[in-house]
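Trainee: Take the sequences, apply the hints, and build the full model.
Protein chains in written order, with this note's numbering: chain C, 1 to 324; chain E, 1 to 381.
To be clear, the hints were calculated from the coordinates, so they are not data collected in a lab. Quick caveat: nothing in here was measured; it's all calculated off a predicted structure. Where is the CB? At the ideal position from N, CA and C, for every residue including glycine. Please note: incorrect hints may appear among the correct ones.
Rough simulated footprint, nothing fancy, chain E against chain C, three-plus residues with beta-carbon under 8 Å [said to hold, decoys possible]: (1) 2-11; (2) 68-76; (3) 206-217; (4) 309-322.
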Amino acid sequence: MNFAFTDDQLALAAAVRQVLAAHCPAEAVRNGRTPAWSQLAEIGLFGLLVPQEHDGLGLGLVDAVLPFEETGRAALPGPVAETAVAAPLLLAGDPALGKLAAGSLRVSVRIGDQGYAPDADLADLLIVEREGVPYAVRPEAARLTPQPGVDRRRPLFGVEFRDAARLRTGIAPAVRAVTVAVAAQLVGAARHLLDTTVGYARTRRQFGAPIGSFQAVKHQLAEVAIAVEFAAPLVYAAALAVDRHLPTVDRDVSAAKAAAGEAAELAARTALQVHGAIGYTGELDLGLWLARVWSLSAAYGDPGLHRSRLRTAILDTPEVRRWP
Amino acid sequence: MDLDFTRAEQDFRAEVRDWLAGHVPGVPLPSMDTREGFEAHREWEHLLAGERLSVVSWPVEYGGRGASLVEWLIFEEEYWAAGAPGRVSQNGIFLLAPTLFSHGTAEQRERFLPGMARADDVWAQAWSEPEAGSDLAALTSRAERVEGGWRLHGQKTWSSRASYADWGFGLFRTDPASARHRGLTYFMFPLDGVTVRPVAQLDGEHGFAELFFDGLFVPDDLVLGAAGEGWRIAMATTSSERGLTLRSPGRFLATADRLVRLARSTGADPVLADQVARAWLDAESYRLHTFGTARRLAAGEEIGSASSMGKVFWSELDVRMHALALRLLGERGLLDGGAPDAEEGGRWLDGYLFSLAGPIYAGTNEIQRNIIAERVLGLPR
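Mentor: Listed below in structure tokens is the structure:
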């Protein structure tokens, strides 16, 4: 029993964090579409889940979960979960995996509970589900309908297509994996919002004292810390469940996404409240993370959908099991 | 990262499960907060100790098995899942013993730990005073230096188990010129030299008591750690109380499983069903989180103030689960064990009243949130 990340897993996350700190500051989130992507490709982020025979690292989702927390912490733009997590599974066995691992194939997907393809206008390849089957669609064969929304740095698109190649892989494994990756991003975004808000509360003074010295503020931030602290283990366990193909995997994935989404939404709501009016302006970077939390929490099934599935999984099955 | 139990851990689980299946009383013991129930729980502890199952994580020489933290967590899962009795020796084995291991002398360990493991000596904690609750450092009970030891004066209150226990432990001011956290000393003392006034609780039983000290003589060998170091030593104990060592997930997992079974048998509308599913998953999250903590502790890390997050989480979860059970049962949920229609002998109601103490003891959850904000997040005091 070692429910803690290994030194290798921690080192990989630290490398991603370092790259993002250097190449994906808030300014780049605000203005760029794919900042830090080439540097992330160099350290192997897009090959994490690609088998070694296709020049990837051949690792598991549990190795990707902390790097994905970091992409969420940085609010990294671009279809990173779709390219680095969904695509390697959907394209399993495909020669395109080599390009994917090298970071020269950007992929957007519309699968599972996701109604739209995020950042589809940036994609070199679209993978779209139709009646439970994945199809690979070249950008020139796709008609994209922009569906602008709250997160302008993660634009959504409706996808229609003419020519498409039917893929031989299943949808479900890719949906599970990308859902866990997005849950990890939500945990990372929540951690960023908590850190930023604590920093603000330490320096902003009212009534002659830092507002972070007031218990009404302290207790709200303590609640966020607790929510994030107890959402993260569910995300890590779901990654293990995916890698191990456990019988409880669908329940574990729903638990991860629901808990991470709710924790991140609480972090966002509290961050805005503690910042006060300045947080409500577009001048502060805070709004970039608020919008990212809202859009990711709704992606691949919002907390309401996953809670509904959890209710069924826990109450309507003959015996509810814990693992291990 | 993995979640795999070793072969030895699985064998240990099987052994514990088998033994409990053959020995857990079929009829629940009377409340440990009655004289009769207290002694019945002491007898149960004797039985556990005979199998070296009362303190599995302690070294063999004191009655344990030298089990790892993960094995202890396994033991706790099995213990509560089997519906085994509450632990009358809890204050001693989970609060005092860790302090004896870290700050006691070899003589103190040899003298007290084996009796504690067998519940020959049941210990009561004596932290709070009438004017020192959440603000524990405001305590005024004092110890006066005399030849060969100390004389204790003052009053303690809300002393759990003290109505029927044999020994107590707590902090007394040994430097009259000191204030707040300084000048305090950690004492152990026999309760037969103390005036004990049992206090009725919400459930009508006398689980805690007031203690009046009128010059009880305590020899030097009942001082734990150095004189004047009491606060630092006690804090090591209280972080055990709110952290891992006392609050293993086992009890909450068992409650969550019972709650799911109850919701299935009574039927639950979607609103309550949603809350039941959430509670079950929160218990699961606490379990996973604890496996992570156990790993960090085994690697020599200290969890320190982060344990306050767990304390808020489990204590509120425990209240929520029991409140949900009462909601599922409706009017019948509020019947006590004496009522013919009571569900499981009123166990959900008893558990609800017990759970309500959780957000209050071991530092109220308001104090815990201050600790989280100031010491984990770094907000100004």
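Trainee: Determine for every hint whether it applies to the structure shown.
Mentor: The hints, checked one at a time:
{"no.": "1", "hint": "2-11", "in the structure": "holds (count 6)"}
{"no.": "2", "hint": "68-76", "in the structure": "violated (count 0)"}
{"no.": "3", "hint": "206-217", "in the structure": "holds (count 6)"}
{"no.": "4", "hint": "309-322", "in the structure": "holds (count 7)"}
Going through the hint list in order, the structure does not satisfy hint 2, though it satisfies all others.
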